[in-house]
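So the protein sequences, as listed, match chains A and B. Quick note: the first sequence uses numbering that gives the first Met the number 0, first residue 0, plus one each step. Quick note: the second sequence uses numbering that gives the first Met the number 0, first residue 0, plus one each step.
Don't take every hint at face value.
[Said to hold, decoys possible] With a straight-line Cα cutoff of 35 Å, these simulated DSBU-like cross-link-like pairs (lysine-lysine) come out:
1. LYS32/A with LYS57/B
2. LYS60/B with LYS32/A
3. LYS60/B with LYS11/B
4. LYS57/B with LYS11/B
Calculated from the structure, these hints are not laboratory results.
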Amino acid sequence: MNTLDLLALNLLSPVVLSFALGAAAAFVRSDLKLPEAFYQSLSIYLLFAIGLKGGVALAQTPIEDLWLPALVTLLLGSAMPLWTYAILRWLRFGVADAAALAAHYGSVSAVTFVAAGTFVSAAGSPAEGFLPSLVALLEVPAIVIALLIARSRMGSKRPLGEAMHEVLAGRSVVLLVGGVVVGALAGPEGYAPVQPLFSGLFHGALALFLLELGGTAARRARDLARGGLRLALFAIAAPLVHGALGVWLGHVAGLGHGGATVLGAMSASASYIAAPAAVRIALPEANPAYYLTGSLAITFPFNLALGIPLFYALSEVLAR
Amino acid sequence: MSYLDDMPRFYKLTLVVERVLEDRILRELRELRAPGWTVVEVHGEGRSGVRASEFEGKSLKFESICNADTAERILRRMSERYLGRYSAIAYAEEVRVLRPAPFSDPAAP
C-alpha cells in the first residue's frame, strides 16, 4: 500500500470520521453532547477493555519477547519529558507551563494507542497483543519526572504526594494496570465469556467516545490563539520527532512492523486523562490553555489523521 | 414571641472550588472541625477560564454553617493554600439558625 492509500484507509475509518463529526457539530454549535456520566462510563469501559485484552495476550507472551520492548518504553517515558522540558524552556515557556507540557507529551494517550492498533490491523500488520501493558508502563514515568523537575525549580512546597496519588490511583492507571492483571490471571479461557462485551462492542464504543472527544477538541481549539504559534509548532513537531523515535526503537526492540508503528504512535501521543488531573493538583500555576489545547486540540487530531499512517510508512521503510 | 429575633447568629461559609480539590477540601473541613457541610455539583464561568475544561468535571460548592472562630480558621486556611493558586472562591454570610445545637459545639483547633 502506498502512503496515499494508507491515508485514505485511515481518514475514512469510522473512528476518525466520528471525531470529525463531533468537531463539526461543535463548530456549528450543535447541541450534541454526550451526558457526562455516559462519557465517563465509556472511558472506564475503554480503558478496562484495553487492559483486559493486553493482559490475556501478556499471559501468552514469553518473557524474552517482552523485556526489551518494556525497557525501551521505560526509556522513552523517562527521556521524553527531559528534552521536552528543555526545548519548551528554550521556546520561552515558563517553568510551570514547560513542566506541565512535558508531563503531557511524555505520557501517553490510550485512545491514540487504540486508533493506531486498529489502523495497523486494517492495514494488514497487526501489532503484538501485549502492547497494552506497555501503555501502562509509558503512562506514569513522564508525569512523575516532569513534576519532579517543577518541584526542583519552583521550591519544595508542592503537594507532590497528592499528585503521585492522583497519577498512581487515578482511574486511568488503575483500569489499565488492573485490567492487565485481571486479563493475565484469567487467561484466554477466562476471558472468553466476557469477550462479547469487551471485544465485540469495543470499536462501537470507541466511535461514540471519539464523537464526544471531537466536540471537546473543537471547543478547546477556540483557545488556540492564546497558545500562540510556538505552541502550535511544538504540538506538531513533538509527535513527529517522538513518533519517529518510537518507531525506530520499536524495531530495535524486536517489535514487528505493526507493533513498532503503534509504539511510535504511543510515543507521539500526549496524555489527556492522567496527566491533566495530576498537573492540575501539583502545578496549578500552569495554564490549561497550553497543555489541554496542545495535547487535545492539536496533537491528538494530528496523530489521528496524519501521524499514524506516517509512522506506519516509516516503520515499513525500517522493516526492510 | 418571635422566632426570628431569638435565633442565634452563625456564619454560612461557601466555598466554590474546582473538582480536583474535592478530597483536600473535605480533609481541611474535617481537620478544622467544621460542624458539618453540604456539597453540591455546580457549573459556571469565571475569570480563570479553567471551568472551560470539561475534563475535570463540574465544580463543587461546599456550604458549612459554623461559629465565628471556625469560620475564621477555615477562611484563613483557604486563603493560605488555595485562593489565587487554584480556581476557588470563598465567602461568608451571617445567618440565623433555628436549632443551633448542631453548630454551636465548642470546636477548639
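Hints broken by the structure, by number, lowest first? none
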